[in-house]
Amino acid sequence: MEAVSTQERHVRWLDRGVVSRADVGGKGASLSQLAALGAPVPPAFALTTDAYRAFAAAHGVPARATDVDDNDLTALRARMLAAPVPGDVAAMIAEGHGTLRARAAREVALAVRSSATAEDSAEFSFAGLHDTILDVRTPAALDAAIKRCWASLWSDRAVAYRRTGGLATDEAAIAVVIQQLVHSDVSFIVFTRDPVGNCPGHLVIDASWGLGEAVVSGLVVPDHIIVGPEDEIAEYTVGDKQVMVIPGASPGDGAREVAVPRVLRTAPALSEARVREIAALARSLSLRLGYDADLEGGIQDGRLYLFQARPITTLGASL
Amino acid sequence: MEASLERQTSVFPEAWDAPVDDGPVYTFDPMHTPYVVSPLQQSFAREVFDVGFTKGFREVGLPIRAHETRYRNYYQFDRATFAEPASEDEARRLGAELEAKLQQEVGRLQERWETEHLPRIKELLATFRSLDPERASGVELAALVDGGFELQRELWTIHFRLAPPMLAAMQVFHELYAELFDGADGSDLLAGGPSESVRAGQALGDLAISARDLGLVELFRDTPVEDLPAALERSVPGRAFWREMETFLATYGLFQDLYEFQTPTWREDPSCLLAIVRGYVLSDYDARAHFTAQQAGAAEATERARAALAAFPEAVREQFEGLLAAARFAAFLQEEHNYYIDQQGAASGRLFLVAAGRRLAADGLLAQPDDIFMLSLDEVRALIASPDLAGAMSERVSTRREELRHARTMTPPPFIGPRPPDAPAGPSNPLVRGMGRFFTPSPQQSEAPNQLKGAPASTGVVTGRARVARSLGEATALQPGDVLVAITTMPAWTPLFGIAAAVVTETGGPLSHCAVMAREYRIPAVVGAHGATRTIQSGQIVTVDGGRGVVMIVE
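Sequences listed follow chains A and B, in order. Counting from 1, position 165 in the first sequence corresponds to residue 165 in my numbering; the numbering is continuous, with no gaps. Counting from 1, position 451 in the second sequence corresponds to residue 451 in my numbering; the numbering is continuous, with no gaps.
Errors might be hidden in some of the hints.
As the list claims (entries may be wrong) - One-sided and incomplete, this derived list gives chain A residues near chain B with beta-carbon spacing under 7 Å:
hint, residue
1, Y236
2, G239
3, G254
4, E257
5, P261
6, L285
7, L287
As the list claims (entries may be wrong) - Pairwise CB distance ranges, derived in the manner of DEER restraints:
hint, chain 1, residue 1, chain 2, residue 2, range
8, A, V196, B, R317, 32 to 38 Å
9, A, L81, B, R306, 36 to 42 Å
10, B, D182, A, P40, 33 to 39 Å
Claimed, not checked - Chain A side only, calculated, beta carbon under 8 Å to chain B, not exhaustive:
hint, residue
11, V85
12, V108
13, D185
14, I189
15, P247
16, A249
17, R262
18, V263
19, L264
20, Y291
I should point out that these hints are in silico values taken from the structure, not numbers from a laboratory. Think of the CB as a built atom: it goes at the ideal place given N, C-alpha and C, for glycine as much as any other residue.
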């Protein structure tokens, strides 16, 4: 009984029922929701906020943004990256990694994503504030990636965001989603409502070659597709996709940024059939989630995957 | 016609730089025609080659106005003129259309070759060979010559229908490979399939094996090439070898060491062939083992590239596989079309014209059969129609023989006309870029004394004794381990790559036939090294660095 509860405290599988935001952060919670709705999400588990707290307690990491001076953040993060993960948490990580490996058909690479409790809520997106590390393949790399995610709770930008958002006095905790990496041939973000144009019934897709980083971090001008109410392409603007992020050449390399061959830079990344498929999936999920969503996904070997969902937060602001 | 030929020859020697007309310049192409060109070959170039070039290019969507060949002092100069777009918009539109058309032709290159072009080529060659000018009467002979030229015209139209997508296919693959692999060269992946040239090379290798099996190694080693036929004739194993060589010649005898009607085919004069066999007998070169190793090497290089691309998006891998397949076929086709059209077509043309010459000589219209090469096609026609011209023609023949002999001592300029050649105008496309890498690059300044620079054509560094060869006849003195130094290498030369340590040419670029073949034979090569046959002397020790495009004269 004791062992089970320790495990439950530190690790939650995201495809075995809906898990709370308090335990696994916004990203983890929405992924568990997507999985419960039968959406094509890759296998993943979350390292809970309790696991973070165990680590924070062991190394004297402050709990609130008000507890720390801005000038001390760099030192705090360095200390966190160097500190060992408590033994029982480390054991749970190793077990989860082993299970993911056993579930994968081939050598497993991981996407390690920060998942803060306040993030991806309807009020706060925190989009891009916390770290995501792609193409993690070795236990040592996983250990380092998890600590980077934890430390990103104390990045200058994240702390500033909490302060301006009135969250400075809240206890901050962060979960980490450890997800089997989909080797995306094409990555996309789909907004089930046009966040800029507010065209009723239209949704918007941004797509580019390779892993999602290129689209998410704005490394490229992605293809921009406006999809009409019947899932038809209303407008396909081909972007200028100069670079792409792809998995490393060997384990331990991590994802790398490479140039897109000239012939593919201005070639459309999505076929019309793909656009329809993505649009239909996004609409049906948005309906069942009960909110207009911003979904990140990718296509590998012809199969569609979703990596995260969050409510669109900028709608109110643009009105 | 008559008048224009007069103009070429009567004012001999004509100044090189006098403009031919108001158009752009005419360029000397030493890669294809380094030497003097006979009057009959000149007629062929105008009535067959130019027409086929223009028609073929038009058929694959290139806006060519005309390909034109002109002669000065028996040297060939040529130019291609293209339609000028009326506006920048039109230029862009035409450029996009051309790229799309090229892409389409690249995509169906193999299918068209296999189902359309090759069957037609074989048919044309068979029809052409069935013509028998020697037995034709005067009137029939005139019709036969015209008919024969008509068949050749179609052959060369096919040639120039193939050439643009073939070059473009290789170029776009090389560009993609360089983009994906940090500027590296992807030639190793393109080892051609079992083309007829490869089969000819293997059959040549088999001849050398037979010579060894028949105990003829000493005979080959100790007998000068010119005495070999007589020496072989004197012994039973020698005669057995000769019979095998005749079988080889029946299949692969239609090679010439230059693109010129005057050059005998191997079938007529097997001394070059014998010299190559001799080189094979004295070296341990094994054509079949080499081909197998080369295929395995290409397969390995391909697997390495695929492994490196495994992490890349599917669209990149698909693009790579598509372009690789097209380029691999194009590399094969570069050999194959050359064998069928450039070699078989030209050699059959020679045999046909020699037979016509025999007919004319038998009728007393020519003093000897090969006088026919000294006349233009119109003059041949005129001679058949009016036998009383025989005297006048005979005088022209002797004048021109003398002029040709004199012209051989000249060095033609790189171009004639009012201004130097420009970089190709208009939008860049894979064909233009490919042609830029097919033809000879501009001369490059050497960085050190005793150094020559050209284009890197096939990687590797090797040091050996230079053998400078202006003809295949001279090249046959090449010993195993020598560095072959030539102005250009015709397809008939390539079996020599099996025993050469390296090759250096004055002409051609990294996509030229010589460069492609050097890579296939896996010997270092530097091409487009201007002046190499004059700077380097036979017997000097040279170091060839094929990856850097540098030749050093060591001593």
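Can you list which hints this structure breaks, lowest number first?
Those not satisfied are hints 1, 2, 3, 4, 6, 7, 11, 12, 14, 20.
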